[in-house]
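Number of protein chains: 2
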Amino acid sequence: MTISMRKAIILLSGGLDSTTCLAYAKHQGFECYALSFAYGQRHVFELEAAKRIAEHYAVKKHLIFPLSVDVFQGSSLTDVSKVVPGYSGLVEIPVTYVPARNTVFLSIGLAWAEVLGAENIFIGASSIDYSHYPDCRPAFFEAFQALVRLATKEGVEEGLSFRIETPLLHLTKAQTINLGRELGVDYSMTVSCYQLNERGEACASCDSCTLRKKGFLESGVTDPTHYERK
Amino acid sequence: MTISMRKAIILLSGGLDSTTCLAYAKHQGFECYALSFAYGQRHVFELEAAKRIAEHYAVKKHLIFPLSVDVFQGSSLTDVSKVVPGYSGLVEIPVTYVPARNTVFLSIGLAWAEVLGAENIFIGASSIDYSHYPDCRPAFFEAFQALVRLATKEGVEEGLSFRIETPLLHLTKAQTINLGRELGVDYSMTVSCYQLNERGEACASCDSCTLRKKGFLESGVTDPTHYERK
Numbered sequence: 002m003t004i005s006m007r008k009a010i011i012l013l014s015g016g017l018d019s020t021t022c023l024a025y026a027k028h029q030g031f032e033c034y035a036l037s038f039a040y041g042q043r044h045v046f047e048l049e050a051a052k053r054i055a056e057h058y059a060v061k062k063h064l065i066f067p068l069s070v071d072v073f074q075g076s077s078l079t080d081v082s083k084v085v086p087g088y089s090g091l092v093e094i095p096v097t098y099v100p101a102r103n104t105v106f107l108s109i110g111l112a113w114a115e116v117l118g119a120e121n122i123f124i125g126a127s128s129i130d131y132s133h134y135p136d137c138r139p140a141f142f143e144a145f146q147a148l149v150r151l152a153t154k155e156g157v158e159e160g161l162s163f164r165i166e167t168p169l170l171h172l173t174k175a176q177t178i179n180l181g182r183e184l185g186v187d188y189s190m191t192v193s194c195y196q197l198n199e200r201g202e203a204c205a206s207c208d209s210c211t212l213r214k215k216g217f218l219e220s221g222v223t224d225p226t227h228y229e230r231k
Numbered sequence: 002m003t004i005s006m007r008k009a010i011i012l013l014s015g016g017l018d019s020t021t022c023l024a025y026a027k028h029q030g031f032e033c034y035a036l037s038f039a040y041g042q043r044h045v046f047e048l049e050a051a052k053r054i055a056e057h058y059a060v061k062k063h064l065i066f067p068l069s070v071d072v073f074q075g076s077s078l079t080d081v082s083k084v085v086p087g088y089s090g091l092v093e094i095p096v097t098y099v100p101a102r103n104t105v106f107l108s109i110g111l112a113w114a115e116v117l118g119a120e121n122i123f124i125g126a127s128s129i130d131y132s133h134y135p136d137c138r139p140a141f142f143e144a145f146q147a148l149v150r151l152a153t154k155e156g157v158e159e160g161l162s163f164r165i166e167t168p169l170l171h172l173t174k175a176q177t178i179n180l181g182r183e184l185g186v187d188y189s190m191t192v193s194c195y196q197l198n199e200r201g202e203a204c205a206s207c208d209s210c211t212l213r214k215k216g217f218l219e220s221g222v223t224d225p226t227h228y229e230r231k
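In order, the protein sequence lines correspond to chains A and B. Using my numbering, count along the first sequence one by one with no gaps and you end on 231. Using my numbering, count along the second sequence one by one with no gaps and you end on 231.
Misleading hints may appear alongside valid ones.
Chain copies aren't distinguished; within one or between two, either way the pair holds.
Distance condition first, Cα-Cα at most 25 Å in a straight line; then the derived SDA-like pairs of lysine to any residue [what the hints assert, rightly or not]:
(1) Lys231 with Ala205
(2) Lys8 with Ser69
(3) Lys62 with Ala140
(4) Lys52 with Pro67
(5) Lys27 with Ser128
(6) Lys214 with Cys204
(7) Lys62 with Tyr40
Simulated from the structure, these hints should not be mistaken for lab results. Model, not experiment: these values are computed from the prediction.
Extracted from the complex, chain A is given alone in its bound form:
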């Protein structure tokens, strides 16, 4: 361990990807600050998972940022939360898309990074096995990186040089799981399902479950997810 560790912020949803990202950042030697967002009831299990994972990895601080998406009530956001469709396999943007989500998340991550003096902001997005959200594409992250240089003191004064880190961007879900296995990630701690039941069991049919199941199958790693018995 060095005297002055480099700080990193990790966007931590409590899911498979963000947990792998945290394990990766930790392995790289960063002093880790986890950032989660509370933005709806559906995410209670996810946030509980995020808390356990942050604790497991002994992050320096875990910030749960309340984001009032309920103020958008009457919008598609609220309706979206009611109906989660099964996996379609179509190459189009699903209704589970939350408007400008990664832009909002990364912006708040950037604000915290500037406050902390943390130069590296990790996000576990993938552009391979993903739900075709526009803000998961490599070009989006390149544009955000360009923005960061102009949005902060960095662009005016010498000092911090912020970097958006996307180590999973070009990995399949199976490759991410294999990376996590090498890093010793216990995926039973993580939650991916969009619509867990009241016992916290995964539905096995939503977009997120489908990608997760496929990932474990292809990776050869045993899937530790608790699926609902039907």
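Please arrange chain B on chain A, whose structure you already have, making use of the hints.
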């Protein structure tokens, strides 16, 4: 009035610039949605002003978005709120700078825009008479515009085409005030001071007051601001 008015979001702080922006958008024929942020006690008078102004301009909806910057406590943000320096005139970033503020504000504005189907997002930033915040420079807004195309469904599917509108970007404060006069803006409704006293009177000495006073002086318009008697 057209049958289907174009919708616009206006970031409304309750200050001189954002109010001029709202008047401008209204004059352009937009159906206006005002977006303010509640992010600290100092802004109570500002938010009250924003409410009055939003009502005055009969916006379709005024959303006050709570932004928990207090979760960054222990950071410079909190300390910053305690000490507001006098106007320095220096070409450097003052300590009143809020990390990544316009990035966060515009991101949430973009999310709301996508929900509402509002293509135009107005922000009353100026790169002439301003406090040298990095996120008020033209290059910052250009980078955000580039991001917007990639961050939203727009970049993937046909449909909405979001635009960050900065009508005051190249105006001096005096030019903004003259524009406002043409649009019939009552500037006594607006609040600019960083440190109003308990009676809501402006300090006349902070960065924001100094730029405002200078603007009124140069514009020839009578300054309606209530300054603290010293």
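- Message: Let me make sure I understand: some of the numbered hints might not hold for this structure. Which ones are they, in numerical order?
- Response: 3
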